[in-house]
Each structure stands twice: as structure tokens, then as C-alpha cells.
Amino acid sequence: MHQAFISYQISAINLSEHLFEVGLKAHLPEPLNRIELTLPAWIPGSYMIRDFARNVLQIQSQHNDLVIQKTDKQTWQIRARNDALFQQLDITYRIFAFDLSVRSAYINHEFAFFNGTSTLLNVVGHEHLTHYLQVLPNEQVAHWQTQTAMPLSENYPHTLHRDYPVYASESYDILIDHPVLSGDLCKRSFVVSGVTFHVVFTGRETMDLDRICDDLKPICEHHIRLFGECPVDEYWFMTLLCENGFGGLEHKSSTVLQYARFDLPMLGDSEEKSESYQQFLSLCSHELFHTWHVKRIRPKVMLKPDLSQETYTPQLWIYEGFTSLYDDLTLARAQLISPLEYCQILGQSVTRLMRNPGRHLQSISESSFDAWTRFYKQDASSVNHIVSYYLKGSIVALALDITLRQQSDNKYSLDDVMRELWKQFGQQESGTLDNVVADICKHSLGIDVSSFLHVAVDSVMDLPLSSMVNSIGLSLNMRSRETFTDKGGKPAKLPQTRDLGLMFAEQSLGMKVTQVLASSASAQAGIQLNDIIVACNGFKASPSKLNRMLQATALEDTVTLHIMRDEQLIEVKLKARPAQLDTCFFTIEDESAFMRWLGLEG
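With this note's numbering applied, the sequence shown covers 153 to 754.
Since the hints were made in silico from the structure, they are not lab data.
All residues carry an ideal CB built from backbone N, CA and C; glycine is no exception.
Be careful, since some hints might not be right.
[Unchecked claim] List of simulated lysine-lysine pairs, DSSO-like, C-alpha gap at most 30 Å: (1) K639 <-> K594; (2) K456 <-> K222; (3) K369 <-> K575; (4) K575 <-> K639; (5) K639 <-> K456; (6) K664 <-> K639; (7) K425 <-> K225; (8) K404 <-> K369; (9) K645 <-> K692; (10) K369 <-> K339; (11) K697 <-> K645; (12) K594 <-> K664; (13) K452 <-> K575; (14) K404 <-> K645; (15) K645 <-> K425; (16) K177 <-> K456; (17) K425 <-> K452; (18) K425 <-> K339; (19) K575 <-> K664; (20) K664 <-> K725.
[Unchecked claim] Label-pair distances were calculated between CB atoms; the ranges are: (21) K575 <-> R233: 51 to 61 Å; (22) L585 <-> H215: 39 to 49 Å; (23) V686 <-> L419: 42 to 52 Å; (24) T739 <-> H295: 18 to 28 Å.
Produce the complete structure using the sequences and hints provided.
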């Protein structure tokens, strides 16, 4: 009997030129006279058209009787000469792999990484066949290890080498949800609630892997306990280390992270968790949470999205916003950070939102829908025009949790919403509609939050967060910035008294403007993006000089700035205005109430 299948053999053929070579073989269920190959234009979880097919090079058939013709930016038609029938394909192509990110494909001297969405061509109409994958070493990388959550196959077609592991997926959609990492890798594993977690890093073992695993265990325990079960038996945290970088992308049984190698703890480091290490644990928490909430609980339109074009939904605030609350909250619940440290993180989040003028122009449902063209394509002025469904979504999630607790006398919380989402939609992967949160609160918890959600989600009104957090033992305090780099979250010793409203990058000539906040003193003075401030009141400009001169200027008086704009020297008068109260910090007023809210007491 003819076995129908599709197989891929992939090898890193040239490290210096960053090339993968892929051999695609297909044994089709029946003879055809033509077929199409295509590559996705985007990867689930990252909502922007990336046109991965632009990196496909030198595609050719190993059979002379087949002709390849490209029909659009991401599709190739294969047909037989003279319209004859064929039942087998043998295609070879190369991929340029030099995108050091969690979304695409990359090769260097240390490792090779790829997502199927950017590397493995789909045989259109045959997505349901078993898809096999084999990674072949060459002389340069014969010692490399390969790690992926894709299961190994004991039975595989004769077209593949028997000396190397073969991985198998039940369909193309499953295949491309398993990123693959090969290289000089270091690895640890641990078990939580019967689930085996694998922690993999690229390169030599410079970090304290045992400590990282010990800190990840309570995070995994929290998420499994919250949802009541784990949908996988094994899970992979795969981290691409680099000098500077940050990112994460979720998959059904794994996540790929990108992180700065020296921001992780090393053997002999202090037991105190640095801010950068806390951020790494938060990133791991965030991506693992997506195993339930995004990869299985997801919008109905995302159950089978068309990867050749945009798939729109106003629900991303539910998925990324809720997850962005739980990522850091989990660290506090697991006692990896103190309640005070969590308050500081929460204060920094509110600070970022308050410094985002775009929150008054765009709702988070609009932000979700426009992610493709606005959130994922930001420029230096975007802060004035859009709001982050991650950031404001997390604040809305906090406010929804408080609302549910208040209206149910602490019988229900956001945890109950998450469990209902899992039970009603995640376990069967049935897909959510736009009003899912309101429906669950009303029909499962008996609480009507429709008015709250209308304001929080569909309008651009600020939430009355200051009064809401009192019920969980916190007090919200607003102040002005202390320095240009002040992120908030803590009280200030000497807050600024004058408004500036811009961000900059220091240069040898002066200060290059990288962001101007709408309605700020800088915006009203006419300062523009990419201006280079070269002098302040006749002195060479520097952050400290500009700050001191501005703070010493009486209200309504001006500071004279000389600016280089498009190779022209111009003069700008910056009027001294009162500093904006745009920086937040929380204080714990009722420790017992706050500890109860965290789940650490009572």
C-alpha cells in the first residue's frame, strides 16, 4: 500500500553565509498534474506580516520533468511537463537564516535555530499528512545537539537516514508549532506535578542552571495549580543567549526566549535576585502561562488562522493583558520576590501607562484589532497615538479582579475567570468570542461586569485605580519624575519641578531626541524627533546641564536651546512648565489585606 507522507531534511550547510538547505520529499495520496508549495507570512503569537518567503533561495526540483513557477510572494506552483501526472515530489531549497529573534531562523558559530513557519514549505492541500523532520549535521557542526518538543518517531519513511533522529507531527499545523534548536547547548530537567520541564540554553554553561531551575519550579507549580492540570507531559524552555536582547514566543509544548547572557545569575553570585533576573523569570512565567491561555484558550478566529494574511481580533487584551498581570503576580505568589518588590513592579507598569498619551486616543479593543499595523509597527511617535493591549490590558485585568472580589464579597476573583476559560474553551479548544469575559462573569460567577468592561476595554477613559486598590490594602501615589531615567515604582527624594517630556540618546555633539510626548513642554516648544540638542543657554548640552538649567528656571520663563535639524542650526525657546505627575508608586497601607490578595495569608 502506498504510504502518503511529507518529509524534510534540514542542514546548516554554510555558517558564514547563514544558509540552511532543506530537502522536501512528498509521497502524495494520489497522482496530480500540479501542486502548490507555500510558506506562511506570519507566525502565530506575533501579529505582523513578516513575509518569511523572502528568505527562500534556489528552490529546485530533483526531477527534470517537473517545472517550478513562482505565482506570488510566498507561493510556488509545481507542475509536470506536458500536463503529465506525478505522485512524488523531491524539492531542494535554501533558506537565508540571519534573524536573531524568537520568530524566524538564525545560524551562527554557536547554534542554529528555526521555526517551521519561516523554514518548512507547506504542500498545499496535504496539511493533514504525517510530516517528518530530520536535522542532519555536517562536518562543521557534527558535535551539535538538537532539542525540540516535537516527538521522536520510531517508524519513518525510507527516504530519511536511519543514523539520525527523526521527528514526526500529525499535520503541518502541528509541525510548525515546534521550534528546533541545534548547537552547543547546556540543559537541565526537573519534574513538577508529573510534568517534565527541560531548560535549554545556547552556548557554554556560564549561568547557574541549578538555581534557575529551582526558581522556575514554583512558577510551574503555580500555573498548574491555577488551571488544575497541565495539557502537556513535557515542556521546553529554550533560550537563545546573546549580548543584548529580549523576547519570547509561545508554542504548545515549548517556548523560545531570547535573553542577555550576563543578565542571568552565575555561580557564586549573590542570592539576591537582580532586576534583570527577575525580568527573566517573569518572561518564563509569561510564556508558560500561554501554554493554557493563547495556545489552547484562544479566539475562535485563531483556531485555524490563515497564515498568508492578517487575522483580526479585538480580544488580544484578554490574552496578552491577563498574562501580563499573572507573569509578575506569580513571582510574588511563589515568594520569588517580596510583596514590596511586586508593588514596585506594579508601580512601574502604571507609570508606563500614565506616560502614554495614546491611551486617550485608542481603546485596548482597538489596539488589539490594529496590532498588525500599529502595535507591531511602532515608531518614536507611537506612544502619542496608541496604547499597548499588553500594558493597559494588565491594568484592566487587575481592576477586573478587584471588581469581582468587591461584588462577590471575595468569593470570586480573576482566578475563577481563568479556570472557567480553561474549562469551557481551553480543554476542548473551542475558541472564544469577543464577549467571552462578560459572559463568564455573568453566567458562571453571577456578576454583571458589562458596564465596567465597556469603560475599561471599549473606551479611552482612565480607570479609577486609585480608589480601587484601597480594597486590597494599597495606596496609589503620583509624583513627578526624579531623573530622565526614572521608571517609577518608588518614592523620590527630589522630584523634578519642571516638565520636559522628551527622551534622547546622548551623542558626542549633544542629545538626539528619540521621543517627544504630546502636549509636553518640548512638544509645545516645537522640538521634533531626531533633533539634536547641541546647546542649552549657550552651553554644550548634556542631560545633567539641561535638567539643572530647566529646574532653575522660573515658571513661564524660557530656556534657550540650539538644535541641529536636517543640517540646519535653529533656536528654540523652551518654556518652563510645572512637571507632570506621571510617575506612580504604591504603598502598602493594610499589610494583612494585601497579603490576602496575594494569597500569602488566610
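Legend entry - 30 Å limit on alpha-carbon distance, applied to hinted pair K404 and K369: Holds - the C-alpha atoms of K369 and K404 are around 19 Å apart, at most 30 Å.
Inset, instruction - For the range 18 to 28 Å, tell me whether the beta carbons of T739 and H295 fit it or not. - result: Given a distance of about 55 Å, which is not inside 18 to 28 Å, the answer is violated.
Inset, instruction - Please work out if K697 and K645 have their alpha carbons no farther apart than 30 Å. - result: 19 Å, holds
Inset, instruction - Take the C-alpha atoms of K639 and K456, compute the straight-line distance between them, and say whether it is at most 30 Å. - result: Cα-Cα ~40 Å, so violated.
Legend entry - Pair hint outcome, K404 versus K645 [Cα-Cα no greater than 30 Å]: Judged against 30 Å, a Cα distance of about 46 Å means the pair is violated.
Inset, instruction - For the pair supplied as a hint, K425 and K452, confirm whether the alpha-carbon distance does not exceed 30 Å. - result: Distance of about 40 Å is beyond 30 Å: violated.
Inset, instruction - Below or equal to 30 Å on CA atoms is what counts here, so check K664 against K725. - result: 17 Å, holds
Inset, instruction - Sort out whether K425 lies within 30 Å of K645, counting only the CA atoms. - result: Holds - the C-alpha atoms of K425 and K645 are around 24 Å apart, at most 30 Å.
Legend entry - Given pair status - K339, K369, alpha carbons within 30 Å: Holds - the C-alpha atoms of K339 and K369 are around 15 Å apart, at most 30 Å.
Legend entry - Proposed proximity, K664 with K575 (alpha carbon, max 30 Å): Roughly 52 Å separates the two Cα atoms, so the pair is violated.
Inset, instruction - Assess, step by step, whether the Cα of K456 is no farther than 30 Å from the Cα of K222, and give holds or violated. - result: 25 Å, holds
Legend entry - Status of the given 39 to 49 Å range, CB of H215 versus CB of L585: About 48 Å separates the Cβ atoms of L585 and H215, which means 39 to 49 Å holds.
Checked against the numbered hints given earlier, the structure breaks hints 1, 4, 5, 7, 12, 14, 17, 19, 24 and satisfies all the rest.
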